[in-house]
Amino acid sequence: MAIESLGVGSNLNLTSLLDGLKKSEQGKLEPITKKFNSTDAKLSGFGQLRTSLESFQAAAQKLNSGKLYEGFASQVSGSALTATAGSTAAAGSYSIKIDSLATAQSLATAGRSDTTNSIGTGTLNVNVGTKSTPVEITDGSLAGIRDAINKADAGVTASIVNDGSGTPYRLVLNSQTTGAGATMSFSSENTALEGIFSGATETVAASDASLTVNGLPIKSSSNTVEDAIQGVTLNLVETTAAGASTKLTVSQDTESVKTAVQDFVKAYNALNDKITSLTKVDNEGDKVKSGVLTGNSTVRSVQSTLRGVMSSAVNGEGMNYLFEAGISFSKDLSKSGKLEITDEKKLDEALANNLEGMRGLFVGDGKTGIAARLDASIESMLATNGAVSSAEAGLESSKASLKAQSVRMQETIDATVDRYKKQFQQLDLMMSKLNNTQSYLSQQFEALNSSSNS
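Residue numbers for the sequence shown, in the numbering used here: 1470 to 1923.
Any given hint could be a false lead.
Unchecked claim - Here are the simulated DSSO-like pairs of lysine-lysine, each with C-alpha atoms no more than 30 Å apart in a straight line:
| id | residue 1 | residue 2 |
| --- | --- | --- |
| 1 | 1504 | 1902 |
| 2 | 1735 | 1716 |
| 3 | 1743 | 1807 |
| 4 | 1531 | 1814 |
| 5 | 1890 | 1902 |
| 6 | 1902 | 1503 |
The hints are simulated quantities; they were obtained by calculation from the structure and are not laboratory data. Nothing here was measured: the structure is a model prediction, and the numbers come from that model.
All chains, please: the whole structure from these sequences, using the hints.
So, in structure tokens, the structure goes:
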């Protein structure tokens, strides 16, 4: 019979011995586990590198957009209006006076003593300018008419106002469209239904906005004026004081380009910092601590490729090198090859006087500019068969192989420990039998000795 509790039959500490053997066998997994964890850490490192590369690529793509260099910015004095300049705008300065804003018509019907009694049902034609919308009135009360108009998307909003008189409830109708041409009218075959609108009082007249741009008078049905100045949308907010005007200046949007350049530098430095942290070697006393990708050839290739693109010339007239825009790699060794705007004055001058040169430097013909080549290089690195993706695929394959190896080793360890256990059980059983035999013989010898003595 098998002995389940090891050591019972032999009085030996076989359980402790088996645990020690099991621990020793499990040690065979340690090299595999260590290599698996190292591979996993490298894969995580490449994931971090990929994220930083994607951020830098996005910054390069922004500088590689031709529209960035075609934009215009608007600057307005005062609070009478705001302005948005589009890509078709032209640089210029404008004096704007706003005499009146465009308004939407508002009507109020005669007062009624309640909001619930039915006035009339049927089709109510709601007209706003040239638009006519039939509205079915099934609940003929003042509240029902209000709700039906609001649900009909007829270009009119309706509400009920209590004016505090003897017949206080009045239906107030507001056109959703401004301009003199957007007047409201209402008709119905139900004379009672039409009757509540026929005597409505106009509380706000529909009118156009009136303004002058550099002395030229302009009328607009809307307070959003799009055609007065080429490529510029004016949003009228308030009238200007008598004799006063608002100044609008439209100029090329160099600030957006400068921001894109600054973001480009920051994104590269963030990438550079990430590569440094992944590949650094630190001496801590008598120990050397390395980054997870220290010495990795793919990382070195990525870094050298990007630096090579940014250090090389752009063919063509105008600006050919980053340093011409006041941008260069730091010569300070403590900054670990970071990119810097070393001459902001030179950058500002290039933006103000040579924006086309800046476009040539970063965009070129769409392929030759520094930002264009960086975008293409990073795209290639991150592509399915690119350097970074290939390195990640290799590490994933190594992880899968190590995992399978770990499973096989664990199976071998389990089989070995199980064999030890069975051998210990056999030993325990044999020792138990020997102990029983010894006990029996001892009893027999004692019995013989007792007989002899008697």
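Hint by hint, here is what the structure shows:
1. 1504 x 1902: violated (48 Å)
2. 1735 x 1716: violated (36 Å)
3. 1743 x 1807: The hint holds at about 12 Å.
4. 1531 x 1814: It holds: about 22 Å lies between the C-alpha atoms, which stays within 30 Å.
5. 1890 x 1902: Given that 30 Å is the threshold and the Cα spacing comes to 18 Å, the pair holds.
6. 1902 x 1503: It is violated: about 46 Å lies between the C-alpha atoms, which goes past 30 Å.
Of the hints listed earlier, those the structure fails to meet are numbers 1, 2 and 6, in rising order.
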